[in-house]
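With the hints as extra help, turn the sequences into a complete structure.
Heads up, this note's numbering is the position in the first sequence plus 4, with the first residue counted as 1.
Heads up, a few of these hints could be off.
[Stated by the list, open to error] List time: in silico DSSO-like cross-link candidates among lysine-lysine, alpha-carbon distance up to 30 angstroms:
| id | residue 1 | residue 2 |
| --- | --- | --- |
| 1 | K236 | K263 |
| 2 | K521 | K456 |
| 3 | K339 | K371 |
| 4 | K263 | K595 |
| 5 | K385 | K368 |
| 6 | K524 | K229 |
| 7 | K76 | K86 |
| 8 | K86 | K51 |
| 9 | K456 | K368 |
| 10 | K543 | K473 |
| 11 | K368 | K227 |
| 12 | K456 | K192 |
| 13 | K388 | K263 |
| 14 | K456 | K412 |
| 15 | K86 | K227 |
| 16 | K212 | K236 |
| 17 | K86 | K385 |
| 18 | K236 | K275 |
| 19 | K88 | K76 |
| 20 | K212 | K229 |
| 21 | K298 | K473 |
| 22 | K339 | K368 |
| 23 | K476 | K521 |
| 24 | K371 | K412 |
| 25 | K227 | K298 |
| 26 | K88 | K388 |
| 27 | K272 | K310 |
| 28 | K239 | K192 |
| 29 | K490 | K521 |
| 30 | K456 | K263 |
Quick caveat, the hints were computed from the structure, so don't treat them as lab data.
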Amino acid sequence: MIRTKPLQPAFKSKPNFITHSFLLHHLSFSQASLHSNSFPNRSKYEKVNNLDDAFNLFDEMTQRQPLPSVFKFNQLLTAVTKMKHFSSSLYLFKQMCVNRLPIDACSMSIAIKCCCRLHRTNDGFAVLGSCFRRAIVPNVFIYSTLLDGLVIEDRIVEAERLFKKIIKHKLCEPDVVTFSTMIKGLCKFGNNDIAIGLLRLMDERGCKPCVVAYNTIIDSLCKDKMIDDAFKLFKEMVFDKHILPTVITYNSLICGLCKLGRWDEASKMLKEMEDVRISPDLVTFNILIDAYSKEGMVDEAEAVVKIMVERGECPDLVTYNSLIDGYCLRGEMTKARSLFDSLTSRGLNPNVITYSSLLNGYCKSLKIEEAMLVFHEITRKRLKPDVVTYNNMIQGLLRAGRCGAARKLFDEMRAQGQIPNQCTYGIILDGLCNNQQVEEAVSLFHLAGDSKLSSNIVVYNILIDGASKCGKIDIARALFHDLTIKGLQPNVRTYTVMIGALCGEGLLDEAKHLFLKMDKSGCLPDNVTYRVLLQGCLKNQKYNDVEMLLQDMDGRGYSLDATTLSLLIDHVATGSVDRSMLKLIGRLVPKELMDTPS
DNA sequence: CTAGGGTTAG
Numbered sequence: 005m006i007r008t009k010p011l012q013p014a015f016k017s018k019p020n021f022i023t024h025s026f027l028l029h030h031l032s033f034s035q036a037s038l039h040s041n042s043f044p045n046r047s048k049y050e051k052v053n054n055l056d057d058a059f060n061l062f063d064e065m066t067q068r069q070p071l072p073s074v075f076k077f078n079q080l081l082t083a084v085t086k087m088k089h090f091s092s093s094l095y096l097f098k099q100m101c102v103n104r105l106p107i108d109a110c111s112m113s114i115a116i117k118c119c120c121r122l123h124r125t126n127d128g129f130a131v132l133g134s135c136f137r138r139a140i141v142p143n144v145f146i147y148s149t150l151l152d153g154l155v156i157e158d159r160i161v162e163a164e165r166l167f168k169k170i171i172k173h174k175l176c177e178p179d180v181v182t183f184s185t186m187i188k189g190l191c192k193f194g195n196n197d198i199a200i201g202l203l204r205l206m207d208e209r210g211c212k213p214c215v216v217a218y219n220t221i222i223d224s225l226c227k228d229k230m231i232d233d234a235f236k237l238f239k240e241m242v243f244d245k246h247i248l249p250t251v252i253t254y255n256s257l258i259c260g261l262c263k264l265g266r267w268d269e270a271s272k273m274l275k276e277m278e279d280v281r282i283s284p285d286l287v288t289f290n291i292l293i294d295a296y297s298k299e300g301m302v303d304e305a306e307a308v309v310k311i312m313v314e315r316g317e318c319p320d321l322v323t324y325n326s327l328i329d330g331y332c333l334r335g336e337m338t339k340a341r342s343l344f345d346s347l348t349s350r351g352l353n354p355n356v357i358t359y360s361s362l363l364n365g366y367c368k369s370l371k372i373e374e375a376m377l378v379f380h381e382i383t384r385k386r387l388k389p390d391v392v393t394y395n396n397m398i399q400g401l402l403r404a405g406r407c408g409a410a411r412k413l414f415d416e417m418r419a420q421g422q423i424p425n426q427c428t429y430g431i432i433l434d435g436l437c438n439n440q441q442v443e444e445a446v447s448l449f450h451l452a453g454d455s456k457l458s459s460n461i462v463v464y465n466i467l468i469d470g471a472s473k474c475g476k477i478d479i480a481r482a483l484f485h486d487l488t489i490k491g492l493q494p495n496v497r498t499y500t501v502m503i504g505a506l507c508g509e510g511l512l513d514e515a516k517h518l519f520l521k522m523d524k525s526g527c528l529p530d531n532v533t534y535r536v537l538l539q540g541c542l543k544n545q546k547y548n549d550v551e552m553l554l555q556d557m558d559g560r561g562y563s564l565d566a567t568t569l570s571l572l573i574d575h576v577a578t579g580s581v582d583r584s585m586l587k588l589i590g591r592l593v594p595k596e597l598m599d600t601p602s
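If you want it as structure tokens, here you go:
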């Protein structure tokens, strides 16, 4: 399976004051990075920095007598390709072909790269065919580029086939780039172990793994939240293989740590990279800004922006998109809007991500009309709403109770060629349930006929929760039964939602039974499970298990949230829960709740 | 001499 973002975020801890003040302090006082943007030895063929110049130079070159060398043409193609004008580069290449201008393997590999980056890898293979017709022997550059094209298009089976063919038929000698590309493909499909195996294999074949090969796997492990494995590989790279990490290595690790809420370690890595004289770059700062924004700590995020500017880095669209999203998450739509409006004066054009963030912010703030305006603005700016945009808008409409409009947009999205993903269905099912339409939700779920959807435990969690919220405990039970029949494994959330549903109906014995069952089936109840069951006990005046639950929580290092705590205190006050439990309760109160007087 | 691989945003 290709890696996708989870439908539900992982539990994270907030950065404490010490960590982030250290982090900011540390960054602002370390030495500024050096910049060198001068390229004194570039010829005019690689110096072109806009398309017009490139085309003019090309025309002039084609008329020269004698013709410039293939080397000069390749330099020009490279320059255009570096500007990411892949179509133009391909156009020039085609002109070279039809006009019998000089072409070699290098020109071919540039053309193939352009095809691949345009998601036209098949055309890349057509260029490979033309190599044979022109008696140009395809080399390792050409095959590695084609391999990358297949990986870019998620054609992993074909990528593996090509890779094996290269080795078996000795099409070329695979080098460190060929291996790294295959490793990237494996990682993209979650095969980290096989990727590590390939890392070992290349070493055995006498092709020494380099920092890129390691980075690829380290980053993939970080994205899969296997950060400890990532560090294992990092240490192996540095200490056993004596390969120096780069800023990209650190960026991946810091990003992974931030996303897991491991702020103190992220801060430690920042310090470490400065120690080894690697300056944080634009991406490093963007990672920190995004992490702070997602924690709702926009002030700290803005502080990082200030520091990066002081250090000579120019905030880009990624920077501002993170900030805008941060303000949206806090519901500070005025700030989000003014930041959005300031983009053009900063020379930045909002993209579909910017618009979707803003739209989502308005939806979450229940300003559905504003959200619709933003939605229409997207097409007016000749951008295309994508799946995420539609998902956000549909969610907003459902929240506003406008089921009909949501339905219409769902149809429109498919008409526009945007394929609904699992997230879309999750949003719609949840929305229908919240609009008292569980039956519709369940039938849509069965109607969707998507095998991945019907085996998605998160979707079951949504439906069970929704059924319970609508007071349809029978439907909730049936769904829970249905998933076990299918051989699906309920997760903590499934159990918790079901236990909550049973508690809500006063079915405490059944809830307790399920609670014991989950533990037995190896699914450990989490913090939330305990809180839900505890609330169920209290609300239904079943006090027998309260002390045992509290003791369990203490033993597991769990804590109480504000709601459960105040409910408990109420019951102690009325005498239904014994005062002797106060000491135990006190131990379960997290520091944050102690500090904030409410 | 020119060509291929690794990091950040909804």
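Exercise. Is K456 close enough to K192, meaning Cα to Cα at most 30 angstroms?
Worked result: holds, 19 angstroms
Exercise. Has the given pair, K76 with K86, been kept, meaning a C-alpha gap of at most 30 angstroms?
Worked result: Between K76 and K86 the Cα gap is close to 15 angstroms, so the pair holds against 30 angstroms.
For this session: Decide if the proposed pair is consistent with the structure: K298 and K473, CA atoms, cutoff 30 angstroms inclusive.
Result: Holds, at about 28 angstroms.
For this session: Could you grab the alpha-carbon distance between K227 and K298 and see if it respects the 30 angstroms cut-off?
Result: Status holds; Cα separation ~16 angstroms.
For this session: With a cut-off of 30 angstroms on the C-alpha distance, tell me whether K456 and K368 pass.
Result: holds, 28 angstroms
Exercise. Holds or violated: K476 with K521, Cα cutoff 30 angstroms?
Worked result: holds, 22 angstroms
Exercise. Within a Cα-Cα threshold of 30 angstroms, do K88 and K388 meet the stated pairing?
Worked result: holds, 20 angstroms
Problem set entry | Proposed proximity, K310 with K272 (alpha carbon, max 30 angstroms) | Judged against 30 angstroms, a Cα distance of about 21 angstroms means the pair holds.
For this session: Take a quick look at whether K521 and K456 sit within 30 angstroms of each other, Cα to Cα.
Result: OK: K521 and K456 at ~27 angstroms, within 30 angstroms.
Exercise. Is K263 close enough to K595, meaning Cα to Cα at most 30 angstroms?
Worked result: holds, 22 angstroms
Problem set entry | K236 paired with K263 [C-alpha distance capped at 30 angstroms] | Holds - the C-alpha atoms of K263 and K236 are around 18 angstroms apart, at most 30 angstroms.
Exercise. Within a Cα-Cα threshold of 30 angstroms, do K388 and K263 meet the stated pairing?
Worked result: The hint holds at about 29 angstroms.
The structure agrees with every numbered hint stated previously.
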